[in-house]
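Novice: Residues per chain are reported as follows:
2 protein chains.
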Amino acid sequence: MIEDVVELAKRRGFFVQSAGVYGGVSGFYTFGPQGAALKQNVEDTWRDRFAIQEGNMEVDAPTVMPEAVFEASGHLDTFDDMHVECPECGSNHRADHIVEDNTDIEEAESLPAAEVEELIAEYELVCPDCGTGLAGQVIDDFNLMFETNIGPGSASPGYLRPETAQGIFVEFPQLAEYARNQLPFGVTQIGRAYRNEISPRKSLLRVREFTQAELELFVDPEEDEPTLDRVRDVTAPFYPADEQEAADGEIREATIGEVVDDGTVADPWIAYYLGAAAQWYESIGVDMDRFRFRQHLAGELAHYAADCWDAEAEVDGDWIELAGFAYRGDYDLSKHADHSGEEFTVFKQYDDPVTVERATVDPDMSALGPEFGGAAADVAAALESLVERDPDAFEAASESGDPVTVEVDGETYEVPIEQTGYAVEEVTESGEHVSPHVVEPSFGVDRALYTALDHCYREDEVDGESRTYLALPAGVAPTTVGVFPLMDRDGMGDRAHEVVDDLRDAGLAVTYDDSGAIGRRYRRQDEVGTPFCVTVDYDTLGEGDDPELEGTVTVRERDSTDQRRVPVESLAETLRNLRDGALTFDDI
Amino acid sequence: MIEDVVELAKRRGFFVQSAGVYGGVSGFYTFGPQGAALKQNVEDTWRDRFAIQEGNMEVDAPTVMPEAVFEASGHLDTFDDMHVECPECGSNHRADHIVEDNTDIEEAESLPAAEVEELIAEYELVCPDCGTGLAGQVIDDFNLMFETNIGPGSASPGYLRPETAQGIFVEFPQLAEYARNQLPFGVTQIGRAYRNEISPRKSLLRVREFTQAELELFVDPEEDEPTLDRVRDVTAPFYPADEQEAADGEIREATIGEVVDDGTVADPWIAYYLGAAAQWYESIGVDMDRFRFRQHLAGELAHYAADCWDAEAEVDGDWIELAGFAYRGDYDLSKHADHSGEEFTVFKQYDDPVTVERATVDPDMSALGPEFGGAAADVAAALESLVERDPDAFEAASESGDPVTVEVDGETYEVPIEQTGYAVEEVTESGEHVSPHVVEPSFGVDRALYTALDHCYREDEVDGESRTYLALPAGVAPTTVGVFPLMDRDGMGDRAHEVVDDLRDAGLAVTYDDSGAIGRRYRRQDEVGTPFCVTVDYDTLGEGDDPELEGTVTVRERDSTDQRRVPVESLAETLRNLRDGALTFDDI
Chain A
1 MIEDVVELAK RRGFFVQSAG VYGGVSGFYT FGPQGAALKQ NVEDTWRDRF AIQEGNMEVD
61 APTVMPEAVF EASGHLDTFD DMHVECPECG SNHRADHIVE DNTDIEEAES LPAAEVEELI
121 AEYELVCPDC GTGLAGQVID DFNLMFETNI GPGSASPGYL RPETAQGIFV EFPQLAEYAR
181 NQLPFGVTQI GRAYRNEISP RKSLLRVREF TQAELELFVD PEEDEPTLDR VRDVTAPFYP
241 ADEQEAADGE IREATIGEVV DDGTVADPWI AYYLGAAAQW YESIGVDMDR FRFRQHLAGE
301 LAHYAADCWD AEAEVDGDWI ELAGFAYRGD YDLSKHADHS GEEFTVFKQY DDPVTVERAT
361 VDPDMSALGP EFGGAAADVA AALESLVERD PDAFEAASES GDPVTVEVDG ETYEVPIEQT
421 GYAVEEVTES GEHVSPHVVE PSFGVDRALY TALDHCYRED EVDGESRTYL ALPAGVAPTT
481 VGVFPLMDRD GMGDRAHEVV DDLRDAGLAV TYDDSGAIGR RYRRQDEVGT PFCVTVDYDT
541 LGEGDDPELE GTVTVRERDS TDQRRVPVES LAETLRNLRD GALTFDDI
Chain B
1 MIEDVVELAK RRGFFVQSAG VYGGVSGFYT FGPQGAALKQ NVEDTWRDRF AIQEGNMEVD
61 APTVMPEAVF EASGHLDTFD DMHVECPECG SNHRADHIVE DNTDIEEAES LPAAEVEELI
121 AEYELVCPDC GTGLAGQVID DFNLMFETNI GPGSASPGYL RPETAQGIFV EFPQLAEYAR
181 NQLPFGVTQI GRAYRNEISP RKSLLRVREF TQAELELFVD PEEDEPTLDR VRDVTAPFYP
241 ADEQEAADGE IREATIGEVV DDGTVADPWI AYYLGAAAQW YESIGVDMDR FRFRQHLAGE
301 LAHYAADCWD AEAEVDGDWI ELAGFAYRGD YDLSKHADHS GEEFTVFKQY DDPVTVERAT
361 VDPDMSALGP EFGGAAADVA AALESLVERD PDAFEAASES GDPVTVEVDG ETYEVPIEQT
421 GYAVEEVTES GEHVSPHVVE PSFGVDRALY TALDHCYRED EVDGESRTYL ALPAGVAPTT
481 VGVFPLMDRD GMGDRAHEVV DDLRDAGLAV TYDDSGAIGR RYRRQDEVGT PFCVTVDYDT
541 LGEGDDPELE GTVTVRERDS TDQRRVPVES LAETLRNLRD GALTFDDI
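Note that the protein sequences, when read in sequence, are chains A and B. So for the first sequence, our numbering puts the first residue at 1; every next one is plus one. So for the second sequence, our numbering puts the first residue at 1; every next one is plus one.
Simulated from the structure, these hints should not be mistaken for laboratory data. You may find that some hints are simply not true.
Unchecked claim - Partial list, derived from the structure: chain A residues whose beta carbon lies under 8 angstroms from chain B: (1) Glu147; (2) Thr148; (3) Tyr178; (4) Ala298; (5) Glu300; (6) Leu301.
Stated by the list, open to error - Simulated crosslink set (SDA-like; lysine to any residue; CA at most 25 angstroms straight-line): (7) B:Lys335 x A:Tyr22; (8) B:Lys10 x A:Tyr22; (9) B:Lys10 x A:Arg12; (10) A:Lys348 x B:Asp338; (11) A:Lys10 x B:Val434; (12) A:Lys10 x B:Ser435; (13) A:Lys348 x B:Asp513; (14) A:Lys10 x B:Gln174; (15) A:Lys10 x B:Arg192; (16) A:Lys10 x B:Gln182; (17) B:Lys348 x A:Arg12; (18) A:Lys348 x B:Asp488.
As the list claims (entries may be wrong) - Covered by chain B, per the in silico footprint, the following chain A stretches (three or more residues, Cβ under 8 angstroms): (19) 24-32; (20) 35-47; (21) 81-93; (22) 101-115; (23) 150-163; (24) 167-174; (25) 336-350.
In this text, a Cβ means the ideal position worked out from N, Cα and C, and glycines have one as well.
Chain A on its own, in the form it takes in the complex (with noise of 0.2 angstroms):
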């Protein structure tokens, strides 16, 4: 069955592997014309939902970014599959799917490498391309990132990115004041990713270039919380932890006003883009009926994930993960901020002025200086500091008259209270930085345009003839519309071209074809999935039997295959309101 979908894609220019004149690279495809398309309308549809509609920032950054972003993120140090190489024939392999392909261990990926060298030798894997044992080869970390050298020589190593994700982080300074500085903000990104796999497969699954929607929303913890309205009604199947774990679990149909209120969704901010995801993936063509929400397992989560949920479609008999939602807390700024020694937070106003007592310091350096020379500064410094952290500590040394302790560079030293400037002050604050938490819907492009295609495909019999077609939603379909003249002749051929000058100028997407029998040519739309064709015959020359159809054409539906005759005049808007889900098609 999949394998008619690829078949399909390469055929009629849905996605093929890149250079194959030159025998392709794995994990590269490139879309067709209908492909390109196809994810030009999820891209775009997912832009007015998530960016548009949500009132949310876009921005575009670049694909190749510096090092010192990826020490920060944490991708240079962890970002890595394990490797093993074939002694024999010099082939690359995933040594977790080697273990987990041969055995019946789960989740190898989590072990320990070690563990993985002994599970190969125990169980005698050999190489997935010749056969040579694999017992005693050395499995290292491999780092998926692309790696690159921005300008000549390596002194600026430069890596692809592995997320749209840090592209939006690195920039937060800058966006918290487009934002004018009010939590809670959201920046989204439409772009490619890389991954530098070891061993790519499953098509468009497991990919080394991919395109990546993201969305990043800054909160203030202690104060944001979504309404729910838009998406309360929402229903979707929801595959929770607890159920995960249970031996009779199963996946439980909601709506996202009950799992707020059950708890099943701990984060309200992550049930409503559930919600929104749902919406969105329905409308793209995904069967809800082969979708689930699957909550991460403790075990999965990231450690600074709070909690997590992944969308998730059945292709081809497995579940694969279309989207991740994920609480991140302040992970990503926080890491961002202690790396680059900038300022990552944003300044909440206070609705009025608050006043405060705020202990401070004011080191005596006439008498640091001659008591600890050279390290005077860095003692006074220390004291700044602590009196930050720990006001009581000069509290506790006022009263009991003993000096304050501090340590620089692993020494001790001791201040006496009066050398240290200590007070205590009122202050007036007019409000305090806050440091915003991010939660992140995350969807690969890619994964949903193959899903979509995928839940979409259809066999059926019309006319006693079989018949394969893509049951595209008309919003994203490449094409929305095909116009045909009954022959190419007898002006038949030029009245077709003005309809699709005239339907082109009201933004549809349209093709011609006057090429072999009229149904040769619903059978090509119906295999890219176009929703509408339209007919010009005699009769819309008024040279019919009818004289009443002068004027009109035919316009047949994908799926039912049925026909109505609409007027030329009103055949734009028909067609834009069939399109956008205004009218159906039984309303003509």
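We have chain A already, so just place chain B on it with the hints.
Specialist: Here is chain B on its own, set in the frame of chain A:
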């Protein structure tokens, strides 16, 4: 002036140097919310004009491509700049730029490296960063492609594509099938391209990662010609090679029809796209008084290009290249055909089959074998090759009785005519294989955006206060409508939010702002080029002085600052028509 644009670009979210918190890396820019929206709109209008309206196919290929592609395209060998490293501070420079910037010599790029080395010594040129003399430093060819490794190890090098075009050329055999082997057909692609500049400069004009919009039109060199109708009357400034070389040469205004008729632009396809490009650049805000089409001089032409024109714009006193329009012949496809061994042709069906005489050979191996031993098979192959190339050689041998002479590996072999099996047969052919020629309009998206910003930057005075605004055309402005409540109270805020929802549902890009005085909110929208602002006031609610104004809002035009009252009911349609140019503000 350009500094004002760059400052505005950063302050208001058009573009900033990326990863500024880590000090940034030259040549990489992030488009903020305004810039990303503007870029998206620029790309969409290009897609509409050069893909959809022309009926061309759009594809979407990977940015990482394998080495074989660039061996064939020539980029691996020749996509170089002259690099010199400072022996003192280690900074990297373009050697030709150092010569051009510090001597009267122009076009140092075209000189041999040895000559540039001599010039550096002769003029005692120094490192621009630290002033150390560069005489005696080696100038090497630095390849401008970013290199990386695909998968573990270095067995499979990959490169970030230096142009989107190669992603189209390598898929030609498949694309020709999608086009049902009918010439001409066009394929477009909008996407990232990369150029590992030695020392990037000039903001968005010379960057390491950028976006291209390219069109590859495949034509039958003996048959296809465009219909010029759509662009015949388009006027543009032309600067042909002869005018550039003349002492008193000048730029001439002319229509596309004129430059085709008088031969200024030799190839009508090129002329057609110059016309389309002039229309498009004007539609995105480029000032046609600071724009020209400049023909390449003979010395600038790539060796395979028959003719090439650039679109250029004046920015900050310099003419910068915006786009190139080249007639590339069969260079690209034949290179890939040679390197891959695949067919890069289309089969052109004749209207009626034709009968032709074809000379063939059928070498008598029972004679050649004993005579030539191990070389017999090669001799037979050489005979087969010769009869295709030069059947007259066999005809002459038949008449004279002399043997036929072929050469194999430098050795000459003589074969009696009767052993060659030479014959002339009548064969019926239904068509022929045609090697398409390529016409390539290639646009830089970032430069188009940068030029539009520069050309639309305005300062004037409104109500006695100075104002900065971007006179961007409504069709590309990041935001089409700003919606304001006069104040956020008495229900005006809620009503304004309803208006926002309505306008967004109608597909308009809308922003809401209730912060600060109305005048300040206008200024904010002026600065980012929002063409229309809508204000909801007491009159809208029916609570103003004039009850007739109930249900209407004020619409204010950016450039004129004129205002009109428009019913909320027809607001979306009015604004959509204003954006699409179906209505002018004076029509309201």
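Novice: Hint check: is the beta carbon of Ala298 (chain A) less than 8 angstroms from a beta carbon of chain B?
Specialist: Not OK, violated: Ala298 (chain A) not within 8 angstroms of chain B, min 32 angstroms.
Novice: Tell me if chain B covers the stretch 81-93 of chain A under the three-residue, 8 angstroms CB rule, please?
Specialist: It holds: at least three residues are needed, and the stretch 81-93 of chain A offers 4 whose Cβ sits within less than 8 angstroms of chain B.
Novice: Is Lys348 (chain A) within 25 angstroms of Asp513 (chain B), Cα to Cα?
Specialist: 19 angstroms, holds
Novice: Taking a Cβ-Cβ distance under 8 angstroms as contact, does the stretch 101-115 of chain A have three or more residues in contact with chain B?
Specialist: It is violated, with 0 qualifying residues against the three required.
Novice: Can we keep the Glu300 (chain A) interface hint, with Cβ of chain B closer than 8 angstroms?
Specialist: 26 angstroms, violated
Novice: Given the proposed pairing of Lys10 (chain A) with Gln174 (chain B), does the C-alpha separation stay at or below 25 angstroms?
Specialist: Answer holds: Lys10 (chain A) to Gln174 (chain B) is near 9 angstroms, not above 25 angstroms.
Novice: Is it true that the CA of Lys10 (chain A) sits at most 25 angstroms from the CA of Ser435 (chain B)?
Specialist: 24 angstroms, holds
Novice: If you count the residues of the stretch 24-32 of chain A with a beta-carbon closer than 8 angstroms to a beta-carbon of chain B, do you get 3 or more?
Specialist: With 8 residues in contact (Cβ-Cβ under 8 angstroms with chain B), the coverage given for the stretch 24-32 of chain A holds.
Novice: Are the Cα atoms of Lys348 (chain B) and Arg12 (chain A) separated by 25 angstroms or less?
Specialist: 21 angstroms, holds
Novice: Can you tell me if the stretch 167-174 of chain A counts as covered by chain B, using C-beta to C-beta distances under 8 angstroms and a minimum of three residues?
Specialist: Coverage by chain B holds here, the residue count being 5 at a Cβ distance below 8 angstroms.
Novice: With a cut-off of 8 angstroms between beta carbons, are at least three residues of the stretch 35-47 of chain A near chain B?
Specialist: holds (count 5)
Novice: Straight-line Cα separation of Lys10 (chain B) and Tyr22 (chain A) no greater than 25 angstroms?
Specialist: 44 angstroms, violated
Taken one by one, the earlier hints fail for this structure at numbers 4, 5, 6, 8, 9, 10, 22, listed in ascending order.
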